[in-house]
Amino acid sequence: IWLTIPTTGGTKCVSEEIQSNVVVLADYYVVDEHNPENTPAVSSKVTSPYGNNLHHQENVTHGQFAFTTQEAGNYLACFWIDSSHHLANPITLGVDWKMGIAAKDWDSVAKKEKIEGVELQLRRLEGLVLSIRENLNYIKDREAEMREVSETTNSRVAWFSIMSLGVCVVVVGSQILYLKRYFHKKKLI
Amino acid sequence: LSVTVNDEECVQEYVLYEGDTVSGNFVVVDHDIFWGSDHPGLDFTVTSPAGNIVQTLKGTSGDKFEFKAPKSGMYKFCFHNPYSTPETVSFYIHVGHIPNEHDLAKDEHLDPVNVKIAELREALESVVAEQKYLKARDTRHRHTNESTRKRVIFYTVGEYIFLAAASGLQVLYIRKLFSKSVAYNRV
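From first to last, the protein sequence lines stand for chains A and B. Numbering-wise (the working numbering), the first sequence opens with residue 1350 and increments by one. Numbering-wise (the working numbering), the second sequence opens with residue 220 and increments by one.
Source of the hints: derived by calculation from the structure; they are not laboratory data. Possibly wrong hints are sitting among the right ones.
Below, simulated DSSO-like cross-link-like pairs (lysine-lysine); rule was C-alpha separation at most 30 Å, straight line [as the list claims (entries may be wrong)]: (1) A:LYS1489 with B:LYS290; (2) A:LYS1463 with B:LYS290; (3) B:LYS283 with B:LYS395; (4) B:LYS295 with B:LYS369; (5) A:LYS1447 with B:LYS369; (6) B:LYS395 with A:LYS1453; (7) A:LYS1489 with B:LYS295; (8) B:LYS335 with A:LYS1463; (9) B:LYS335 with A:LYS1461; (10) B:LYS351 with B:LYS290; (11) B:LYS295 with A:LYS1394; (12) B:LYS354 with A:LYS1460; (13) A:LYS1489 with A:LYS1461; (14) A:LYS1463 with A:LYS1453; (15) B:LYS395 with A:LYS1536; (16) A:LYS1453 with B:LYS369; (17) B:LYS283 with A:LYS1453; (18) B:LYS351 with B:LYS287; (19) B:LYS287 with A:LYS1534; (20) B:LYS395 with B:LYS369; (21) B:LYS277 with B:LYS335; (22) B:LYS351 with A:LYS1453; (23) A:LYS1461 with A:LYS1447; (24) A:LYS1447 with A:LYS1460; (25) B:LYS395 with A:LYS1489; (26) A:LYS1535 with B:LYS354; (27) B:LYS290 with A:LYS1535; (28) B:LYS287 with A:LYS1447; (29) B:LYS295 with A:LYS1534; (30) A:LYS1460 with B:LYS283; (31) B:LYS295 with A:LYS1447; (32) B:LYS354 with A:LYS1394; (33) B:LYS351 with B:LYS335; (34) B:LYS335 with A:LYS1453; (35) B:LYS290 with A:LYS1394; (36) B:LYS290 with A:LYS1447; (37) B:LYS395 with A:LYS1529; (38) A:LYS1447 with B:LYS395; (39) B:LYS351 with B:LYS369; (40) B:LYS369 with B:LYS335.
Computed from a predicted model, the values in this text were never measured in an experiment.
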């Protein structure tokens, strides 16, 4: 995927919601059609959901980062042009972001297990199917969790509205009692 | 991947072969609209390398798309946000290539089994894309729920403060009313 980074102090950020224990592998490179000899450099920074710095690189034309996620949540990758450069055109950045099964290095698997051709292809498909299954289980778990939360919220809101009504009635009653006593004391009624 | 769309945001993807199937989906995850759910959504356009518009979707909060690439090259996918509030959009684009008979004739290494495998792979990829779409929808759902929760809490606190203030004022007001001119009220 190619992104465009604006020239004047702009930062382009992409994020991805990832569960824990997933391998993430990403390559990025500057693509500049306007002046191929002098490609401008970019800086990049990747942060985890809890704000840990996973990757930081300044003034590069291409780079790579890889990590295994520790926490589930939103991982944010930001790219920007250093302010010292003055460019006429916005630059294009190619990002190749792979996750989970897509990040697996099949060439090394092929070499290690001495399989090739159709068998390797089938192996890849098997990996893909397994990852789909895993994902499905994850979605199912999430759904169950969400339903539970929704149901408790529902009952809480029900109880809360009854309680709210009760408080209202009590306040009204105590007000009437108080005022009655007050007027009796003042001999008004 | 997700990007924040302020005004217009474009991503590009290279299609290697003519006739490849480009499929994908996008969901507006973070819709910070205060009243009502009738957000106009984003406009989505796909531009071919020649500059023709291949596909447009107007004012959607999330949709799927699929088209056959008329030629190879750089395809441009643009999200346009007609409103000033920034929106976060989660998108997934996949370029699928299935070798056809024409490629088979050219390359003797390619046999029908490989074609079948490629077809199978594309079918699986579509399942993956569907899952990503579901996940994005789920994220959107969570955002809505969290916003509801916040609103309920604020509403509750506000209601209680209002109730306490109203009952206090009532008591004060009635006391004042009666204690000022006792003789008049006795009638």
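Hints and how they fare:
| no. | hint | in the structure |
| --- | --- | --- |
| 1 | A:LYS1489 with B:LYS290 | violated (40 Å) |
| 2 | A:LYS1463 with B:LYS290 | violated (37 Å) |
| 3 | B:LYS283 with B:LYS395 | violated (67 Å) |
| 4 | B:LYS295 with B:LYS369 | violated (38 Å) |
| 5 | A:LYS1447 with B:LYS369 | violated (35 Å) |
| 6 | B:LYS395 with A:LYS1453 | violated (80 Å) |
| 7 | A:LYS1489 with B:LYS295 | violated (34 Å) |
| 8 | B:LYS335 with A:LYS1463 | holds (23 Å) |
| 9 | B:LYS335 with A:LYS1461 | holds (26 Å) |
| 10 | B:LYS351 with B:LYS290 | holds (27 Å) |
| 11 | B:LYS295 with A:LYS1394 | holds (25 Å) |
| 12 | B:LYS354 with A:LYS1460 | violated (35 Å) |
| 13 | A:LYS1489 with A:LYS1461 | violated (35 Å) |
| 14 | A:LYS1463 with A:LYS1453 | holds (17 Å) |
| 15 | B:LYS395 with A:LYS1536 | holds (15 Å) |
| 16 | A:LYS1453 with B:LYS369 | violated (41 Å) |
| 17 | B:LYS283 with A:LYS1453 | holds (27 Å) |
| 18 | B:LYS351 with B:LYS287 | holds (21 Å) |
| 19 | B:LYS287 with A:LYS1534 | violated (89 Å) |
| 20 | B:LYS395 with B:LYS369 | violated (39 Å) |
| 21 | B:LYS277 with B:LYS335 | violated (36 Å) |
| 22 | B:LYS351 with A:LYS1453 | holds (19 Å) |
| 23 | A:LYS1461 with A:LYS1447 | holds (22 Å) |
| 24 | A:LYS1447 with A:LYS1460 | holds (21 Å) |
| 25 | B:LYS395 with A:LYS1489 | violated (63 Å) |
| 26 | A:LYS1535 with B:LYS354 | violated (69 Å) |
| 27 | B:LYS290 with A:LYS1535 | violated (94 Å) |
| 28 | B:LYS287 with A:LYS1447 | holds (24 Å) |
| 29 | B:LYS295 with A:LYS1534 | violated (83 Å) |
| 30 | A:LYS1460 with B:LYS283 | violated (38 Å) |
| 31 | B:LYS295 with A:LYS1447 | holds (20 Å) |
| 32 | B:LYS354 with A:LYS1394 | holds (25 Å) |
| 33 | B:LYS351 with B:LYS335 | holds (24 Å) |
| 34 | B:LYS335 with A:LYS1453 | holds (22 Å) |
| 35 | B:LYS290 with A:LYS1394 | violated (35 Å) |
| 36 | B:LYS290 with A:LYS1447 | holds (26 Å) |
| 37 | B:LYS395 with A:LYS1529 | holds (15 Å) |
| 38 | A:LYS1447 with B:LYS395 | violated (74 Å) |
| 39 | B:LYS351 with B:LYS369 | holds (27 Å) |
| 40 | B:LYS369 with B:LYS335 | violated (51 Å) |
Consistency note: the structure conflicts with the earlier hints numbered 1, 2, 3, 4, 5, 6, 7, 12, 13, 16, 19, 20, 21, 25, 26, 27, 29, 30, 35, 38, 40.
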